[in-house]
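Number of protein chains: 2
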Amino acid sequence: MSYTAPLKDMLFVIDELADIEKVATLPGFEDATLETAQAVLDEAAKFNGEVLAPLNFEGDKNPSTFSDGVVTTTPGFKDAFRQFGEGGWQGVMHPAEFGGQALPKLIAAPCIEMMNAANISFALCPLLTDGAIEALLTAGSDELKQRYLPKLIAGEWTGTMNLTEPQAGSDLALVRTRAEPQGDGSFKVFGTKIFITYGEHDMAENIAHLVLARTPNAPEGVKGISLLLVPKFMVNDDGSLGERNDVHCVSIEHKLGIKASPTAVLQYGDHGGAIGYMIGEENRGLEYMFIMMNAARFGVGVQGIAVADRAYQLAVAYAKDRVQSRPVDGSAKQSVTIIHHPDVRRMLATMRALTEGARALAYVAAAYSDIAHHAADADTRAQYAAIYEFLVPVVKGWSTEMSIDVASLGVQVHGGMGFIEETGAAQHYRDARILTIYEGTTAIQANDLIGRKTVKDGGAAARAVLAQVDATLAALKEHEGAAFDAMHRRLSAGRDALANVVEFVLANMKSDPNAVFAGSVAYVKLAGIVLSGWQMARALIVSTQKRADDPSFHGAKIATAHFFADHILPQALALEASIVSAKGDEGVLALAVDQF
Amino acid sequence: MSYTAPLKDMLFVIDELADIEKVATLPGFEDATLETAQAVLDEAAKFNGEVLAPLNFEGDKNPSTFSDGVVTTTPGFKDAFRQFGEGGWQGVMHPAEFGGQALPKLIAAPCIEMMNAANISFALCPLLTDGAIEALLTAGSDELKQRYLPKLIAGEWTGTMNLTEPQAGSDLALVRTRAEPQGDGSFKVFGTKIFITYGEHDMAENIAHLVLARTPNAPEGVKGISLLLVPKFMVNDDGSLGERNDVHCVSIEHKLGIKASPTAVLQYGDHGGAIGYMIGEENRGLEYMFIMMNAARFGVGVQGIAVADRAYQLAVAYAKDRVQSRPVDGSAKQSVTIIHHPDVRRMLATMRALTEGARALAYVAAAYSDIAHHAADADTRAQYAAIYEFLVPVVKGWSTEMSIDVASLGVQVHGGMGFIEETGAAQHYRDARILTIYEGTTAIQANDLIGRKTVKDGGAAARAVLAQVDATLAALKEHEGAAFDAMHRRLSAGRDALANVVEFVLANMKSDPNAVFAGSVAYVKLAGIVLSGWQMARALIVSTQKRADDPSFHGAKIATAHFFADHILPQALALEASIVSAKGDEGVLALAVDQF
Numbered sequence: 001m002s003y004t005a006p007l008k009d010m011l012f013v014i015d016e017l018a019d020i021e022k023v024a025t026l027p028g029f030e031d032a033t034l035e036t037a038q039a040v041l042d043e044a045a046k047f048n049g050e051v052l053a054p055l056n057f058e059g060d061k062n063p064s065t066f067s068d069g070v071v072t073t074t075p076g077f078k079d080a081f082r083q084f085g086e087g088g089w090q091g092v093m094h095p096a097e098f099g100g101q102a103l104p105k106l107i108a109a110p111c112i113e114m115m116n117a118a119n120i121s122f123a124l125c126p127l128l129t130d131g132a133i134e135a136l137l138t139a140g141s142d143e144l145k146q147r148y149l150p151k152l153i154a155g156e157w158t159g160t161m162n163l164t165e166p167q168a169g170s171d172l173a174l175v176r177t178r179a180e181p182q183g184d185g186s187f188k189v190f191g192t193k194i195f196i197t198y199g200e201h202d203m204a205e206n207i208a209h210l211v212l213a214r215t216p217n218a219p220e221g222v223k224g225i226s227l228l229l230v231p232k233f234m235v236n237d238d239g240s241l242g243e244r245n246d247v248h249c250v251s252i253e254h255k256l257g258i259k260a261s262p263t264a265v266l267q268y269g270d271h272g273g274a275i276g277y278m279i280g281e282e283n284r285g286l287e288y289m290f291i292m293m294n295a296a297r298f299g300v301g302v303q304g305i306a307v308a309d310r311a312y313q314l315a316v317a318y319a320k321d322r323v324q325s326r327p328v329d330g331s332a333k334q335s336v337t338i339i340h341h342p343d344v345r346r347m348l349a350t351m352r353a354l355t356e357g358a359r360a361l362a363y364v365a366a367a368y369s370d371i372a373h374h375a376a377d378a379d380t381r382a383q384y385a386a387i388y389e390f391l392v393p394v395v396k397g398w399s400t401e402m403s404i405d406v407a408s409l410g411v412q413v414h415g416g417m418g419f420i421e422e423t424g425a426a427q428h429y430r431d432a433r434i435l436t437i438y439e440g441t442t443a444i445q446a447n448d449l450i451g452r453k454t455v456k457d458g459g460a461a462a463r464a465v466l467a468q469v470d471a472t473l474a475a476l477k478e479h480e481g482a483a484f485d486a487m488h489r490r491l492s493a494g495r496d497a498l499a500n501v502v503e504f505v506l507a508n509m510k511s512d513p514n515a516v517f518a519g520s521v522a523y524v525k526l527a528g529i530v531l532s533g534w535q536m537a538r539a540l541i542v543s544t545q546k547r548a549d550d551p552s553f554h555g556a557k558i559a560t561a562h563f564f565a566d567h568i569l570p571q572a573l574a575l576e577a578s579i580v581s582a583k584g585d586e587g588v589l590a591l592a593v594d595q596f
Numbered sequence: 001m002s003y004t005a006p007l008k009d010m011l012f013v014i015d016e017l018a019d020i021e022k023v024a025t026l027p028g029f030e031d032a033t034l035e036t037a038q039a040v041l042d043e044a045a046k047f048n049g050e051v052l053a054p055l056n057f058e059g060d061k062n063p064s065t066f067s068d069g070v071v072t073t074t075p076g077f078k079d080a081f082r083q084f085g086e087g088g089w090q091g092v093m094h095p096a097e098f099g100g101q102a103l104p105k106l107i108a109a110p111c112i113e114m115m116n117a118a119n120i121s122f123a124l125c126p127l128l129t130d131g132a133i134e135a136l137l138t139a140g141s142d143e144l145k146q147r148y149l150p151k152l153i154a155g156e157w158t159g160t161m162n163l164t165e166p167q168a169g170s171d172l173a174l175v176r177t178r179a180e181p182q183g184d185g186s187f188k189v190f191g192t193k194i195f196i197t198y199g200e201h202d203m204a205e206n207i208a209h210l211v212l213a214r215t216p217n218a219p220e221g222v223k224g225i226s227l228l229l230v231p232k233f234m235v236n237d238d239g240s241l242g243e244r245n246d247v248h249c250v251s252i253e254h255k256l257g258i259k260a261s262p263t264a265v266l267q268y269g270d271h272g273g274a275i276g277y278m279i280g281e282e283n284r285g286l287e288y289m290f291i292m293m294n295a296a297r298f299g300v301g302v303q304g305i306a307v308a309d310r311a312y313q314l315a316v317a318y319a320k321d322r323v324q325s326r327p328v329d330g331s332a333k334q335s336v337t338i339i340h341h342p343d344v345r346r347m348l349a350t351m352r353a354l355t356e357g358a359r360a361l362a363y364v365a366a367a368y369s370d371i372a373h374h375a376a377d378a379d380t381r382a383q384y385a386a387i388y389e390f391l392v393p394v395v396k397g398w399s400t401e402m403s404i405d406v407a408s409l410g411v412q413v414h415g416g417m418g419f420i421e422e423t424g425a426a427q428h429y430r431d432a433r434i435l436t437i438y439e440g441t442t443a444i445q446a447n448d449l450i451g452r453k454t455v456k457d458g459g460a461a462a463r464a465v466l467a468q469v470d471a472t473l474a475a476l477k478e479h480e481g482a483a484f485d486a487m488h489r490r491l492s493a494g495r496d497a498l499a500n501v502v503e504f505v506l507a508n509m510k511s512d513p514n515a516v517f518a519g520s521v522a523y524v525k526l527a528g529i530v531l532s533g534w535q536m537a538r539a540l541i542v543s544t545q546k547r548a549d550d551p552s553f554h555g556a557k558i559a560t561a562h563f564f565a566d567h568i569l570p571q572a573l574a575l576e577a578s579i580v581s582a583k584g585d586e587g588v589l590a591l592a593v594d595q596f
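Just so you know, the sequences run in chain order A and B.
If you count by the UniProt record's numbering, then the first sequence holds residues 1 to 596, one letter each, in order.
If you count by the UniProt record's numbering, then the second sequence holds residues 1 to 596, one letter each, in order.
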């Protein structure tokens, strides 16, 4: 159960589809050339393949344990985390000022993918730390930044996001945790937080908990939520660790997957109050949290791609090894390896096409984010920011939804062996299942896509993306052959389906919001399929032009794009039908609550 | 985590769609009226809800264990199995001559569904015993029948199916287990069998293993396989148990799901040879095994429906209980139970529609099987047998594929809680995952649907089914309203897609078998969706006519049929596109083995 990073595909996307040379022209990213990307990715592939990947199955078999307030991670995790920190991997995309490497998201994204493919349970810890770093960079005081960022970025300390409470899951308006000012600028925090990933563990010296809480007299609902930093150990002025703070892990969950990653229930203030520090302004916590969330959501989308790729690699290895049955076309008298059977080939091609399509879309989105943050002129920044923001719920929603299907196909390729835990395929099926839930369920992504990303700007960002798809469609027209014909026909139909749904959402949001939201998840999937297909179409064009340079690689790219066109893109029409038929009394809500 | 059998829907299907009154006119089934069905189902609902359902989660938490050759099942299972036997539940559809109740499959099917919904791990034991009974009835000598059937049918002993060996999974031609004649009519069996469900356990006094093996000088391949009965304990002439036979469990598997059901590795003949008895004629074992398999495949299809329904019930209960967020249409100022949110409603409606559609198709198929076995004239028998045989791989393939999606939606409805094992939703997601694999993977069902069920008769059975769909389409035309319009449009399109694919299969089977088999699983899904939709259309007609009798029930049926039309049936077109585009060098096999 090894993991080999798909460096060639990653670099192809970075170079040809996400256009790293353009990113390298941005102020601050001058060194972020293709050569830099290649060097960083090579190192990442080595570290993740050699250090983290071998611990993945072990972590599932021998998960984190809880005893008497202490969480002990899987043997090997602590040492791996030390190597991770020493290698500078936490700092890839963070500012040089605090010890980071200040590389673009376009280079960080494949690093994140590799780490999650190698070991998703391990990778969750750095992913959450990234979120904490992001929040501090955005809104933290200089003092908090100086005190915490260097340690977090060095991978010495870790960070957490504390949103959920028993009564407050998707609906953060219901948060009840209290933060009482102490008069010295600090607060005392009281409350219970659940589902806190790496809320307690033994891999780092200290943990910076970022906690949503209410100050006294804060307005009700989401406008009265503040964001506080509550360290596990107090930090002295000289940076050394002081007393243990009053935040304690009271249990960890018994989960379906990502078992090595401890999911903690944290109790704040049971012994007098946990000392916390306000991040940014009071009552603006949700806003800051959304900045972290957007970064984390993109990261979870990449997790989907990562798990899908790992499941694919395992399935391919099995299919090339397992001998069973003669070929249906009579081309051999003997039993053959099962990769020769058309249905197995179809499953593997489906896994591959979905993964490559989602990867391409995510990396392109990462480049947009880089431009949105670093372009010299404000118009360009705003324009790319709008498209990136539109793509975030699609990358998160679609990459994770498809990862469940891909992991399930991975089990299926293994036949009966897939159901046996020792094979490893089942772990991916279990691990993937959280991805459509945490950092906002697919429905929450869909609400975001509809409300903030489609309706709020009157469909402008959506239409800007569609215009780019149109440009690709026009470029497809300049080529001939079966793959181009299929891609043009299917992508064109998919594009129209997506355009129709955007108009449907805009037209009905006010008059029939139930109908619009009933199709919200289908809208995310539709956008994911069509926009992944768009990237596959772009790859088809590039690989056709460059085929002679590397016939096997580009030939595979062309075949995969063709497969995507015929086998994945047609689903767009079914999704469109489901969405636009939801209107009226006989629509999706016709079945009354008491009829269920 | 209780289970309430959906008696109303079951009886609706039995009465209105599967036409039990017609079955009750068949010779031998005179007592099998709707009243009988109702009485049996009421009792089954009680037994399964009260005795088996409470043990389901317990079995997952505390699975069967293996130690020193002995398998100990979950506490409570042994006693439940005693009650199961005493209640006569193993004998529901078996001949009165051997102690059974001789009821039609149409009444047995809902009993099997209930048992599997209540506790799929438990239900596997009777399911396999049904297969052994079926094989003995088909081909067993009178002596074997007299010695084994009364005990098996009484639920005192259990049966197993021993097909798989390490090198022989889907491809039974590779079976190596040997059966050496002893000159006294018995054989000595030597070999290793894996993946044997309830291959060893403590619930019954004896186990009758049905084993595929080769006699000396048997032809190679599938034509040299015989079927033998190997008892765990020898059976004396007076029916009492004799010595322990030389078949031993050497381990059980660590599985993703159905954990309470022990999956054994059995070693035959390590201590001199396991005594076995030939069932039927030598070298015809595979043929007999296929009789069992067809029955078992139908049963596994029903398992899919069962797990889907249980997952649905759990998700509905959670959605009616969990309060989170205000409604999107502004109809309440307070947070509401999540069933009020359109996306949750859509997920629940999807789960319900898929489950009801698959149930209706399976029960209708069961009635066809009853007619195929019991009709007075041979033509009717042959006609119904052909359609039933066509439907078996569809019921098995589609009901199990959809059950994975339904169980996954069940997790999603629960949000973060769905990922916590104590909630119970994750168990269904894990349990369902075996269903598309055992008793023949979906690809194996698909091969059967293509080879034996579509091509062999030149498409006759397929066209007979399509003609029935056409009759329903004509009947839909006689009604008006949005539900009928939608159903006619979508079912008509689905019917055409299915008809096109049947012709595609027939036209290309010889010239391009790879293309045909590449789309085989999509063909199973397409048939499952269209034929489930056909049954939902029939339900729509009946419920519209009878709406006044029970407005809530029939109203829900109408709404669910309408939902099926708009949200499920459109997938037919995507499947068709995927199938018919697979032809030629640039088709599904364009990606060469070494490019994966």
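No wet-lab data here; the hints were simulated from the structure.
There's no promise every hint is true.
No copy is singled out in the list; a pair is fine if it fits within one copy or between any two copies.
[As the list claims (entries may be wrong)] Taking lysine-lysine and the DSS-like style, the derived pairs with C-alpha atoms no more than 30 angstroms apart in a straight line are:
id : residue 1 : residue 2
1  : 456       : 333
2  : 456       : 46
3  : 477       : 151
4  : 320       : 510
5  : 583       : 333
6  : 8         : 456
7  : 61        : 477
8  : 583       : 145
9  : 510       : 333
Hints, verified against the model:
no. : hint      : in the structure
1   : 456 - 333 : between (63 angstroms within a copy, 22 angstroms between copies)
2   : 456 - 46  : neither (44 angstroms within a copy, 54 angstroms between copies)
3   : 477 - 151 : neither (53 angstroms within a copy, 71 angstroms between copies)
4   : 320 - 510 : between (54 angstroms within a copy, 26 angstroms between copies)
5   : 583 - 333 : between (56 angstroms within a copy, 23 angstroms between copies)
6   : 8 - 456   : neither (39 angstroms within a copy, 46 angstroms between copies)
7   : 61 - 477  : neither (52 angstroms within a copy, 58 angstroms between copies)
8   : 583 - 145 : neither (50 angstroms within a copy, 60 angstroms between copies)
9   : 510 - 333 : between (65 angstroms within a copy, 17 angstroms between copies)
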